[in-house]
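Peer 1: Residue numbers (numbering that gives the first Met the number 0), protein chains in the order written: chain A, 0 to 198; chain B, 0 to 267.
If you are wondering where the hints come from, they were derived from the structure by calculation, not from laboratory data. Check the hints yourself; a few may be wrong.
Claimed, not checked - Derived DSSO-like pairs (lysine-lysine); straight-line CA-CA distance at most 27 Å:
hint	chain 1	residue 1	chain 2	residue 2
1	B	Lys37	B	Lys74
2	B	Lys74	B	Lys41
3	B	Lys41	A	Lys22
4	A	Lys14	B	Lys37
5	A	Lys50	A	Lys14
6	B	Lys37	A	Lys22
7	A	Lys14	B	Lys41
Unchecked claim - Examples of chain A residues toward chain B, derived with CB under 10 Å:
hint	residue
8	Ala150
9	Glu157
10	Leu159
11	Pro174
12	Asp178
Please read all numbers here as calculations on a predicted model, not as lab measurements. Each residue gets a CB set at the ideal place from its N, CA and C atoms; glycine is no exception.
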Amino acid sequence: MSGSPAMNRLVAALKRLPGIGDKSATRLTFFLLSAPDSLAAELADAIVRLKRETVLCEGCYDLTDRSPCRLCADDQRDDSLICVVEEPGDLQAVERSGQFRGRYHVLGGALSPLEGMGPGHLRIAELERRVRSGGVREVIFATNPNAEGEATANFIAERLRASGVVLSRIACGMPLGGDLEYADHVTVGRSLENRHKLS
Amino acid sequence: MTAHATSAIVLRTVDVGETDCIVHLLTPDLGRVAAMAKSARKSRKRFPGTLDLLNRLDVELAVRPRRMTHIGRAKLVTAHLGIRSDPTRFAVACRLAELLGRMAPEGGAGGDAARLHAFACHAFDRIETLTPDAKLRLFLQLESLCALGLRPELSACVRCGKALAGGAAFPFHLGDGGVHCGDCRAAAAHEGGTSAVEGATVPVHLGTLRALDHGLRLGFEQLHRLSMGAREMREAEQLVGRFQRFHVGLELRSEMFLNETFASALRP
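When you get a sec, could you build the whole thing from the sequences and use the hints?
Peer 2: Following this line, the structure appears as structure tokens:
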């Protein structure tokens, strides 16, 4: 694009973000030019602080501002339960449910051979070390119920089998507010397989 | 715009923007198709649980000239849950999906797409039920290359068609897709070495070629009847691996995971 070198530099920087192309980067640049100085300063400060102040928790590998994170430091939580999730966002989703009071382990993704994501890219060895260090009764796999997530859960479960801890998987089936008519037969089948008694 | 109903296998999905994804499909009439699935990650009703890797679907595609194909509707036929439950099966299936995704032609000329789709359906079904070992992995790779039109010549000289004989190792020409007999080698050397490109040959014994040829004729179900010695396996793996690398033009991403998974499965 023609313009000042500063504009070109920002467009080039924004284009490196996922989902941002030439047009979006140019549009954002023009928006920032016309926005108050305080917005630009706030944005720049937020990005700098994000990089400076965000660390990985050495316990669960969640993104946090201090290590150990709030959840790992909470001594009211059950150390014998570990919930394994793919990403920090998944940890937040489980936490929002309010149904889990144990510890977490964030893998940092799922096995995805087509994207070149193998076991070495995930924090599987760290999980094995946590389990081997003792005191763990159950590992709950809360990876996504898609091909990669299921394969990841099964891959890790195979590695942990010898440890003797209980290995479980979150239930799969119909979502609340869902419609049976629109569900595929595999989901309906799993819902029946994972049915529970009404007391 | 034309609405086109067909069956398809999901070879890959790539998330786009907030809610959409591009799905790479293998179909029996259009060959390999990259199609946009709008709101696929948001809607519970449009594509519920259908656009997942390796799923077999009935789809309705909106095909528009010079514009991206869209998926209008998708119904799940088979989810291959057995593949996900075993890391070695998953690794083998992903390699096949990546190979098809890179090499399957777009368009459905002369029934080739239908043959390739039928092969893929059969192969994924077999992977789901068989326990992948080194032999199945090898022959699945070789059969995939054959289905993609890259069948190597395993029983005769690739130049003159004369039956091969002798105990010494033959140079297998990756570009020509077969070995040259002694006469053809001598003739090629005399002419100035037409295809004897440095580094584009793999030494292979006749026994290995015969074993590969026999294995292809047996098919997946009967592979247990084929016995291969350690040297034959090593040679065959090297040959098929380099043959694939030569024709695909790059190392498949899934290959590393496959190697790691097999190494870990063999560990006591």
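Peer 1: Determine for every hint whether it applies to the structure shown.
Peer 2: Going through the hints against the structure:
Our distance criterion of 27 Å between C-alpha atoms is met by Lys37(B) and Lys74(B), whose separation comes to about 15 Å. A hinted pair counts as satisfied when its Cα atoms are at most 27 Å apart, and Lys74(B) with Lys41(B) qualifies at roughly 17 Å. Annotation: proposed proximity of Lys41(B) to Lys22(A) holds, straight-line Cα distance about 25 Å (limit 27 Å). This hinted pair checks out: Lys14(A) and Lys37(B) have alpha carbons roughly 23 Å apart, not beyond 27 Å.
A C-alpha spacing of about 19 Å is found between Lys50(A) and Lys14(A), which places the hinted pair at or below 27 Å, so the restraint holds. Proximity of Lys37(B) to Lys22(A) is assessed by CA-CA distance (about 21 Å); at most 27 Å being required, the pair is judged to hold. For the hint pairing Lys14(A) with Lys41(B), the CA-to-CA distance comes to about 25 Å; that is within 27 Å, so the pair holds. Taken as an interface hint, Ala150(A) checks out: its beta carbon lies about 4 Å from the nearest beta carbon of chain B, inside 10 Å.
At its closest, the beta carbon of Glu157(A) sits 6 Å from a beta carbon of chain B; the interface hint therefore holds under the 10 Å criterion. The closest approach between the C-beta of Leu159(A) and any C-beta of chain B is roughly 13 Å, which is over the 10 Å cut-off, so the hint fails. Taking 10 Å as the C-beta contact cut-off toward chain B, the hint placing Pro174(A) at the interface holds, the least distance being around 6 Å. The beta carbon of Asp178(A) comes within 7 Å of a beta carbon in chain B, closer than 10 Å, and the hint placing it at the interface holds.
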